[in-house]
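Q: Please put together the full structure from these sequences, using the hints given.
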Amino acid sequence: MKKPNFFIVGAPKCGTTAMYEYLKQHPEIFMPEDEKEPFY
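Numbering-wise, my numbering puts 1528 at position 34 of the sequence shown, and it's gapless, one number per residue.
Treat the hints as calculated values from the structure; they're not laboratory data. Some hints could be false.
Straight-line distance between alpha carbons at most 30 Å, and here's what the computed BS3-like set of lysine-lysine pairs gives [unchecked claim]:
| # | residue 1 | residue 2 |
| --- | --- | --- |
| 1 | Lys1518 | Lys1497 |
| 2 | Lys1507 | Lys1497 |
| 3 | Lys1507 | Lys1518 |
| 4 | Lys1518 | Lys1496 |
A: Shown next, in the form of structure tokens:
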């Protein structure tokens, strides 16, 4: 399994879910379906 290149880290209500959704729309970026993974 390939290791992640970066991590998205943030406190509650700081916009990490929005960032996850924006990155998920990019065709060359893989994001898991469940955003609550230990890493994504």
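Q: With reference to the structure, classify each hint as holding or not holding.
A: For each hint, the structure was consulted:
1. Between Lys1518 and Lys1497 the alpha-carbon distance is near 17 Å, which keeps this suggested pair within the 30 Å criterion.
2. The straight-line distance between the Cα atoms of Lys1507 and Lys1497 is roughly 27 Å, inside the 30 Å bound, and the hint therefore holds.
3. As the CA atoms of Lys1507 and Lys1518 are separated by approximately 19 Å, the hinted pair is consistent with the 30 Å bound.
4. Note on Lys1518 and Lys1496: the hinted pairing holds, with a Cα-Cα distance of about 18 Å set against a maximum of 30 Å.
Checked against the numbered hints given earlier, the structure satisfies every one of them.
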